[in-house]
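Peer 1: Residue numbers (my numbering), protein chains in the order written: chain A, 74 to 297; chain B, 15 to 533.
I should point out that these hints are in silico values taken from the structure, not numbers from a laboratory. Incorrect hints may appear among the rest.
Claimed, not checked - Facing chain A, from chain B, some residues (calculated, C-beta under 7 Å):
| no. | residue |
| --- | --- |
| 1 | Met184 |
| 2 | Leu195 |
| 3 | Met196 |
| 4 | Ser238 |
Heads up, the beta-carbon is just placed ideally off N, CA and C, and yes, glycines get one too.
Each chain is listed here by its residues.
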Amino acid sequence: MSPSSVGPPGESPAPGGASPQVATGRRADPRGQDPVTEEVPLTGGTGPSGAAAAHTTAAPRRRIGEYVVAGVTVALGVFVIVDAGTIVVPGSAGTMGPRAFPYLVGGLLLISGVLVLIGLLRGKFGEEDDGEDVDPNVRTDWKTVALLGVIFVAHVYTINLAGWPVAATLLFGGSAIVLGARPWWRAIALAVVLALVIQLVFGGLLGLSLPPGPFLEGVSLFRG
Amino acid sequence: MDNLSALMEGFATVAQPMYLLYALFGVFIGTAVGVLPGIGPAMTIALLLPLTYSLDATAAIIVFAGIYYGGMYGGSTTSILLNTPGESASIVTALEGHKMARLGRGAAALATAAIGSFVAGTIATVLLTLVAPVMAKWAVQLGEPDYFALMIVAFITVGALLGKSVSRGMVALALGLFLGLMGTDTLTGQQRFTFGVPNLADGLSVVIVAVGLFAVGEALYVASRLRHGPVHVIPVEKGWRSWMKPEDWRRSWKPWLRGTAIGFPVGTIPAGGADVATFLSYATERKLAGKHKDQFGKGAIEGVAGPESANNAAASGVLVPLLTLGLPTTATAAIIIVAFQSYGIQPGPMLFQTQSSLVWALIASLYVGNLMLIVLNLPLVGMWVKVLQIPRHYLYAGILLFGALGSYALNFSPIDVLILLVIGVVGFFMRRYGYPVAPMVVGMILGPMAEDRLRRSLTISQGDLSYLVTSPFAATAYVSILVIVGLGLWLKSREKRANAELSRLGEEIREESQSQEVN
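Model the full structure from these sequences, guided by the hints.
Peer 2: Right, here's the structure in full:
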């Protein structure tokens, strides 16, 4: 639904615009300052032009990505069909053994993947997801995504090593800093507090056995 | 009237102080999380699943009922006060509600949405109370092939209608079916697609997939294109008097009722969920607006009251096939099924017999939750506004942390968290290239059930495929696929046209204000 209903910021009325609607809006603002007009009129705005631009001028890299995803789907379909043939069918299996449904699923993957590929060849590209916090006018920030992935993996491996609170501090603090939290020490401090509170509530009070780790092992309050 | 007495018993259960507290907790946390931008009802429930791991079944179901309605409710606050539309079902609300807020009528928009949600939620819950037991009684008579037919209907409508592109929806559905295959075949005990990983022998947990797709995938996607800078929330005037003027009441009550009348039936059929209902209600209100017609696109209160009621009524309607047939028709419903299953409860026609007290406690808590929401939320708007302003880096870091906690707490195995990340990356690419994630979750849950029904049908018929289509119900179901999909796609195309029109309207308004600026 109106996927790119967000216009380029340049088109927005400048701060302090003087339309009558705006005047009402400002009067209603209890804080007085920060006029309502300062925000880009995002809802329902711009539609056609913005949407068209986003699609026709899709970067070539994005298009390659589309083909790769559709290709992977087709490949997965083929794999499912081939691998289904290796499922052992015991003599006790009834009329329809354990292979039949996987064949159907593989077939569906294959066919739907091919349909997407045909659509791509005919110029039908996917519409990206929109959301409140998604800025449609920026390029994909691969570095942030990769860093988040690394932090996540590190979180997984620290749970058993250093305990859940440490792993949680790493995940929350690290992600927040990668996403732009400044200063970094405040993010870390918040992460420590949050991790300990969760450990206390879920581990100590609700009885989930989150490993407290070597540092907090002795504190019975934190043990699940 | 034994249903009435059963319902009364349900109320008696919920009225116990402890359970009332759970209900209050559910609606509160559901609204709080639902208000958070970027978190729709499906993700709200997925993220809050671990909260209930240590509760007893009744308490957990009561908390879930609260979270479900609260999450729906929170979404409208977000879309009215934040500058971009979020969760799909409340986008229509965003169009008019946001305009109203910018005109300084945010409080009225919030109030009509809240009261409309309450009216629609209550009426729809009454309808649910009346319809569900009848439906369950009827559903008991259905045979294996009938259920298989119903699931095929759900697959096709969900795949074709829960997204913007039919072929991509089918890909998502097929991926979900594939994930559902993983694990040990229930009938023969053979391992399928486990790749030798012991954690996969019991199959992939739907919780991990749901949290991975909705929470981790979403967080990664938003992170890739995060809107930096301060968050702009439209301020709401304080004081009770400005909420709803007499004229607002006069203009709102009919849309509330009409929205309910549209939302509930649409919710009960597998036709794309609440999106379609809100859009239909919006179109209806616009047509019937009379002298206020020119206000549409500029902040018409009918455009908030109707769709918001339709949204909530549809949310209750979705519970009818969910409770009586075990058929999830939206992503949110699919996650509710997971929540039920984690307590060993299988929604379906037998549920009203085997778990009667639980079901009626659930329905009673829907009434109670609805009441709590309106009492709780109108005065608390100021607090939700604060929640909306939460810095985005902490918000998405928090989503990642709670997602990881939820999947770790399933089995206390770090491997699960790693699988969560893999699913999250898949979700990231799906979002990026326009594949809807909801059909994947539905496919994963319904896939194994459908296979089971199919194999049992064929065992009964000794391999005769015609058995699948010869029962009158199954035959009707297969024919209705054509009708539902045809109708659904027609509605979608109208929706697109209407949206384009709305965007144009928005453009005009902006140009106007710009030209005035120049003068």
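Peer 1: Are Met184(B) and chain A close enough, Cβ to Cβ, to be under 7 Å, as the hint says?
Peer 2: holds (4 Å)
Peer 1: Given Leu195(B) was flagged as interface, is its beta-carbon under 7 Å from a beta-carbon of chain A?
Peer 2: holds (6 Å)
Peer 1: Does Met196(B) meet its interface restraint, that is, does its C-beta lie within less than 7 Å of any C-beta in chain A?
Peer 2: Not OK, violated: Met196(B) not within 7 Å of chain A, min 10 Å.
Peer 1: Please check whether Ser238(B) passes as an interface residue: C-beta within 7 Å of a C-beta belonging to chain A.
Peer 2: holds (5 Å)
Checked against the numbered hints listed earlier, the structure breaks hint 3 alone; every other hint is satisfied.
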